[in-house]
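S.K.: We have chain A; now place chain B onto it with these hints.
Residue strings, one per chain:
2 protein chains.
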Amino acid sequence: MNQMQATSSRRGGREARKALRAAPGGPDHRPVRGGMENPRHFRPLSETDMARIHEAALDVLETVGIGDCLPSTVDYLTRLGCIYRDGRITFPRALVEDYIPRINRDFLLAGRDPRHDMHMQGSRFYCGTAGATVNMVNPRTGAYRGTTLNDLYDCSRLVDTLDNIHFFQRTVVPREIEDFFEMDFNTCYASLAGTQKHVGTSWGGVRQLEASLEVMHLLAGGEKQWRERPFVSMSCCFTVSPLKWAADSCLCLETGAKAGMPIMLVSLGQAGATGPAALAGNVVMILAELLAGMIYVDAVAPGNPVILGFWPFVSDLRTGAMCCGSGEQALLTSACGQMSRYYGLISGIPSGIADSKMPDAQSGYEKAINHVVTANSGANLMYEAGGMVASLMGFSLESLAMDNDSVGAALRTVRGIDVNEDTVSVDVIREVCMGGPGHFLAHGQTMSLMERDYVYPKLGDRMSPSEWAEKGNRTALDRAIDYVDSTLGAHYPEYVPRAIDEQIRAKYPVRLPRERMRPNADWPRNRG
Amino acid sequence: MNQMQATSSRRGGREARKALRAAPGGPDHRPVRGGMENPRHFRPLSETDMARIHEAALDVLETVGIGDCLPSTVDYLTRLGCIYRDGRITFPRALVEDYIPRINRDFLLAGRDPRHDMHMQGSRFYCGTAGATVNMVNPRTGAYRGTTLNDLYDCSRLVDTLDNIHFFQRTVVPREIEDFFEMDFNTCYASLAGTQKHVGTSWGGVRQLEASLEVMHLLAGGEKQWRERPFVSMSCCFTVSPLKWAADSCLCLETGAKAGMPIMLVSLGQAGATGPAALAGNVVMILAELLAGMIYVDAVAPGNPVILGFWPFVSDLRTGAMCCGSGEQALLTSACGQMSRYYGLISGIPSGIADSKMPDAQSGYEKAINHVVTANSGANLMYEAGGMVASLMGFSLESLAMDNDSVGAALRTVRGIDVNEDTVSVDVIREVCMGGPGHFLAHGQTMSLMERDYVYPKLGDRMSPSEWAEKGNRTALDRAIDYVDSTLGAHYPEYVPRAIDEQIRAKYPVRLPRERMRPNADWPRNRG
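If you read the protein sequences in the order shown, they are chains A and B.
Residue 1 is where the first sequence starts when you use full-length UniProt numbering, and the numbers rise one by one after that.
Residue 1 is where the second sequence starts when you use full-length UniProt numbering, and the numbers rise one by one after that.
To be clear, the hints were calculated from the coordinates, so they are not data collected in a lab.
Each hint should be verified, as a subset may be incorrect.
[Said to hold, decoys possible] Listed below are the simulated EDC-like cross-link pairs for lysine to aspartate or glutamate, each with C-alpha atoms no more than 16 Å apart in a straight line:
1. A:K458 <-> A:D478
2. B:K507 <-> B:D316
3. A:K258 <-> A:D298
4. B:K244 <-> A:E431
5. A:K458 <-> B:D316
6. B:K458 <-> B:D163
7. A:K458 <-> A:D482
8. B:K471 <-> B:D485
9. A:K244 <-> B:E210
[What the hints assert, rightly or not] Where chain A lies over chain B, by a calculated footprint (3+ residues, C-beta under 8 Å):
10. 56-63
11. 140-151
12. 199-213
13. 348-359
14. 444-455
15. 467-478
C-beta: ideal position from N, C-alpha, C; glycine also.
Here chain A stands alone, though its shape is the one from the complex:
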């Protein structure tokens, strides 16, 4: 009997538990964390299915290829042996097969604080936001209003406080900024101002990308330091599905790759609209685009980190509307996660976009169905993991705060069940049943597992009905609103040092007011 057990039998289980929870525990003892190896419990595709999808994608690349080509794209790819004919670039089968093993699959997505580093390797798994949505939802009334730069900064600060959201990809568009240069530049800046977790964003033009790179170099202490620890990755919609290149994004891809920026190639195939209605066919089309993009990036900057952004979506075929919260969506993203492990390549896959307009029961189940299977499929980065509602048309800070718990439970399923001689517990059962207390409440095993094996929600409520009634019948949404209000009124970390901020503001039109970046008791009342 160790010290803790001895204490427990003297003081009773409840007090012992309190003592244990107060004791220091390293991050390795947490039941879930970013970067866990993913044992891939959910596998809708068989090995034969995956091989068939692989072959079909090669067929598509060889016989259909990708149209709307920039001269530079043609140049990079024909030099490798691709064929340019009738306005389309096609990829000989052998070329694609030769390339796959050469792609970088072991790289760092740095946090500005190394605590938040993401080591992309094998089946390691991390969760973050994403978006580019244009509306914020009022959690009480359901009213939608246009998003602003302030909203983006608030999202970033909120993510900074949420344990199960490991990186911050730009969530909302600052709609008040009309100039594209200023919009992209400020999107990156406001994201970096709110969190030291890894940031993802996108650029619509090379000029603003270059300005943002200058900011990154300043924050890193130089270009060399930035290249060693890239703390921003580019989300790049390099195609317009089905199978056309997107010119402006391709130019950004080239610039970013040369600058050493990790690039998430995003292929958005919406089943029944921009992709085949057959789920397998939608995976094939997206995979074909991503294999092409991956070769393109490697042609521009060999070995540059590349993330295969499988972003399949689903149409409600009655109306053509997107329905990202569906079971079909969950199958698509899981199949994509499996395909990334089929190749051993690093993937970034969205999961958790509700179709519901509000953070309600529908949004809860839509998100969770997707989270738990996508997380268990072998995806490396799960984007859109918090806050997104209305089929990508709305963002809810309160949902983000609640989704952190839902993602935590999904991560617990990824962690799985330890089965070994100790955990099967034959001796424990014998002790308890034969001459023991007849229950496991205060057993040493129970004490030792409570912090190591069990996840406790941040906002999720587990009170009894009577206790809950005494404390005011508060719904999940009530608690989330409180959390958002208290956090955003107080959490103003100084992640852009004053001196660097002044340097940046002297040269570029930073639109986030300096006075917005310190504690602001008025925050909740500023809500739209």
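M.R.: Chain B alone, transformed into the frame defined by chain A:
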């Protein structure tokens, strides 16, 4: 090009879709249905893990066994070769191993209407309710009030209308009935009055079980007909975990088995309380109890249908409270689903009990995380699939209505992805991209898959934010309240024919008033 496709290109996709949806389609064309073979996409346990759990359960049965034995239990089991010593029955390893292959794993759980028959065999999968909870939740205020027989009848009628809830197990306890005989008898009667789907319930004493059997024989047209098509199964908590027999339930088990009633053996091990905190150990303990119970039933009535009711629960180890909506719970039930397939035995496993007190975002995600993995684990019957909140302490009709959609999406993931030469869609992609319209909206493949491959929610909303605002910003809960009110005000099927009802009322104290069993426009206003 078939007629539908030709029509489609003339009239445009949207109209063609309407026409297609109006066309008759047999149940085999539905994208999901009860009784689908479950390919078991979610597998947290490896083969080695399962073998280890099996061995540990045999160890427990051989060296710990089960205490608090009735004389009849001792008699049935020692006759087979079990050992009774020091108040416990232990099971020699070889006896258990010999028995497993002899257990019936191919039987019918009948509906009173054969449309609702459940063919228990292999990995066929069905979803239903369960409960025995004691509070109904007011969906607007969150107020809890005691449950009544009327509530039970309403639950049964509501389930009767929900496509993805395939059977009705008793949900709530009629608390106004104090006499145990009357309580059990009326529970069974009110359940049968509201639906023709298969019914499950439990009895606390042999006398009331025998009275209910008489009702079943009357409804079936005789005992022989009842035994051929048993439309009621017994849920039997035959143990008090850890590893003690529950005397009254064992007597009902014996009577039910002799009467040909399918028996779900329920073992409720709550990790960290009545079961080990180690998840693997909790599975071991439950499995040991179920293997013992299964042998017991077979000893009483060889070949009688038996369902292994793995009902693991989780404690919040900080407080000892149950937390059934957790990721730990999802892992436990999935592991149990896998174990039932390891043996090829029929299982009944709970999933979808929220800890949240209300049908809110928390309840949504808690239910869905559990549904989607449990459904994909190889369980045969998923109990508690709708309505349950507050960690088994509350029932919400509105949640039940919404859970039907959440279960539908989970069923879609069970159905999986068809991968074949057609669905990989290389030709479709080629047609669309090379000389085609550049999108898949009106393609023949899209048309043909819209009813076969896509699930459409009953209450789930997929409108755009602007359309949703125009239609009044209604949350999932608003829609669910409407559905419950309109359904329960109108759906009064006559499932107990008048003549039989009179016969039953003449002999037994039926507490559901006859006038409660016809359309009642006042229904919503009767709510507590």
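S.K.: Look at each hint and say if it fits the structure.
M.R.: Evaluated hints:
1. A:K458 <-> A:D478: Status holds; Cα separation ~13 Å.
2. B:K507 <-> B:D316: With a Cα-Cα distance of about 47 Å, the restraint between B:K507 and B:D316 is violated, given a limit of 16 Å.
3. A:K258 <-> A:D298: Answer holds: A:K258 to A:D298 is near 10 Å, not above 16 Å.
4. B:K244 <-> A:E431: Roughly 14 Å between the alpha carbons, so the hint for B:K244 and A:E431 holds.
5. A:K458 <-> B:D316: 13 Å, holds
6. B:K458 <-> B:D163: Between B:K458 and B:D163 the Cα gap is close to 9 Å, so the pair holds against 16 Å.
7. A:K458 <-> A:D482: The hint holds at about 12 Å.
8. B:K471 <-> B:D485: 19 Å, violated
9. A:K244 <-> B:E210: 71 Å, violated
10. 56-63: holds (count 4)
11. 140-151: holds (count 4)
12. 199-213: violated (count 0)
13. 348-359: Our answer is that it holds, as 5 residues pass the Cβ test (under 8 Å) against chain A, meeting three.
14. 444-455: holds (count 7)
15. 467-478: holds (count 6)
Of the numbered hints given earlier, the model fails hints 2, 8, 9, 12; all others are met.
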